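Spelled out, the chains give:
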Amino acid sequence: MLRYLRLLGQWALDWIAALGRATLVWFWSMAGVPQRDDLKLLVKQIYQIGVLSLIIIILSAFSIGAVLALQGYTQLARVGAEESVGLGVALVLLRELGPVVTGLLFAGRAGSAITAEIGLMKATDQLSSMEMMGVDPLHRIAAPRLWAGMISMPILTVIFNAVAIGGAALVGVDWLGVDQGGFWGGMQDGVEMWDDVGKGMVKAVLFAMVISWIAVFQGYDSTPTAEGISVATTKTVVYSSVAVLAFDFMLTLVMYGEFK
Amino acid sequence: MSEQCKARASTRSAVGAADRWYSCAAPNHGTPPDSHVTDNLIEIEGLRFSRGDRIIFDGLDLVVPRGSITALMGPSGTGKTTLLRIIGGQIRPDSGRVIVDGRDVPSLSRGELFELRKGMGMLFQSSALFTDLSVFENVAFPLRVHTDLPDEMIRDLVLMKLNAVGLRGARDLMPSQLSGGMSRRVALARTIALDPKFIMYDEPFTGQDPIAMGVLVSLIRGLNESLAMTSLVVSHDIHETASIADQLYIISDGRVIGEGSPDVLRDHPSTMVRQFMLGSPDGPVPFHYPADNFLDDVLGDA
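Chains as they are written, first to last, in my numbering: chain A, 1 to 260; chain B, 1 to 302.
These aren't lab readings, by the way, just hints derived from the structure by calculation.
Because the structure is a prediction, the values reported are computed rather than measured.
Each residue gets a CB set at the ideal place from its N, CA and C atoms; glycine is no exception.
One should not assume that every hint holds.
[What the hints assert, rightly or not] Lysine to aspartate or glutamate pairs mimicking EDC-like chemistry, simulated, CA-CA at most 20 Å apart: (1) K118/B x D196/A; (2) K44/A x D237/B; (3) K40/A x E137/B.
[What the hints assert, rightly or not] Just so you have them, the derived chain B footprint on chain A, three or more residues with Cβ under 8 Å: (4) 119-127; (5) 130-141.
[Unchecked claim] DEER-style ranges, computed between Cβ atoms: (6) S230/A x F130/B: 40 to 48 Å; (7) V197/A x R168/B: 54 to 62 Å; (8) A226/A x L133/B: 20 to 28 Å.
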């Protein structure tokens, strides 16, 4: 029994120490005055993290939008409300699925890549050599990736929502024959700018911060071996996915009044 | 830029101008006026450092005179690379003084440490080249980050540094296209890009063929003399290191067990120092890792 208590205590201490290190990584990455080639580094990372994630985001969004329209139509047609399929799909996407699915895909595609890259740089002494040249790797390596993640993911969420709604319209209107005016008109009338679009984007921004932070920290804190990098990459995907789902629940609870 | 520097920059020689421009524009690595300047660039006193229960350094004392090549040797696992990282401020010791160019490294703030490191260089065992940058850009990296030199001037300086290590023709290659010896030389060119006062070499000869080893030996000696630098070399290659080192330190069990010139150490009274200098397989540093009696172990139960 005492052994288990000791292990639990050790685990708690390790967790608190890791949180402290993660906070320092965040603080030192964000601190300091931007330098002249910071913009160039940021643009490069936005390309690596954001632009290269576009294909998986677009394919997934189209597929999810199309499936939502199919399922929604089947249920709503029973009560003769098939024209509401546009509004239903839009609300589900803007409030929940857009930020959450983009977050999960982003963690798997970009988060893992960030962790593996930084971990490998650490294992091959590239971070140490940067330090010894008087260059802060947190400023040079971590900060552009954090900012690029925080800028890219909300934009990817917007693209995800737009493509998914397009996919739903293609299936609903062009294939299943839902009235075009009802599909788009219902969406226009029912979707609120702040309650639906705005709050969904608040989630996207928060998820972006959390995923980027986890990915950068796991890479920076990884054990510099092949196994260590593998463990760190797995941790990034698992922790980010759990964090996205947990934060989604909490944010939904806080932001949508009817649940209070 | 001062008037003197502006006047110098107007000279016509491209390479000469590069040198003068650089000396005007490069950050000042000079010792602060209030610092304690001695003949020794590095002074370590009573250094103690441990990892968990394992004591790495137990009151280690060491000095590196300015302008010298000092070699640090000792059995594997004695903390030689750790000592380089402590000198560079990447690891904080448990106690003791680590004075580098008049500054106590463990007491420096994060910003002061980065400033101090601009005047020192370190050649890593793995070379640590940036894999996403070409040879040229690797060498240009410290110049781009720490100076405001125009691109043409950076180009001239990079070519000069690459020429010094014999790899001017490899400027467009990527690190993955280089052999181990070439990587080490590119890393050396990058290390001297800012003309540091002091370079630490971590196992520079490991894994090198005899030709590459000979090239590195002559480069370390040549650069130390021509750039008036101070060098600290960690190495296991006794002959190569002894051929260029002004003084050697042998470390074992967390302390310095022998110091002096290579000739003095070969006749050192300590059997451990002699075993190391002569490369004897057995002696005070045993061939076998501590284990139970061999016969008992072999004939015992599985």
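Which hints from the list above does the structure break, by number from lowest to highest?
-> 1, 2, 6
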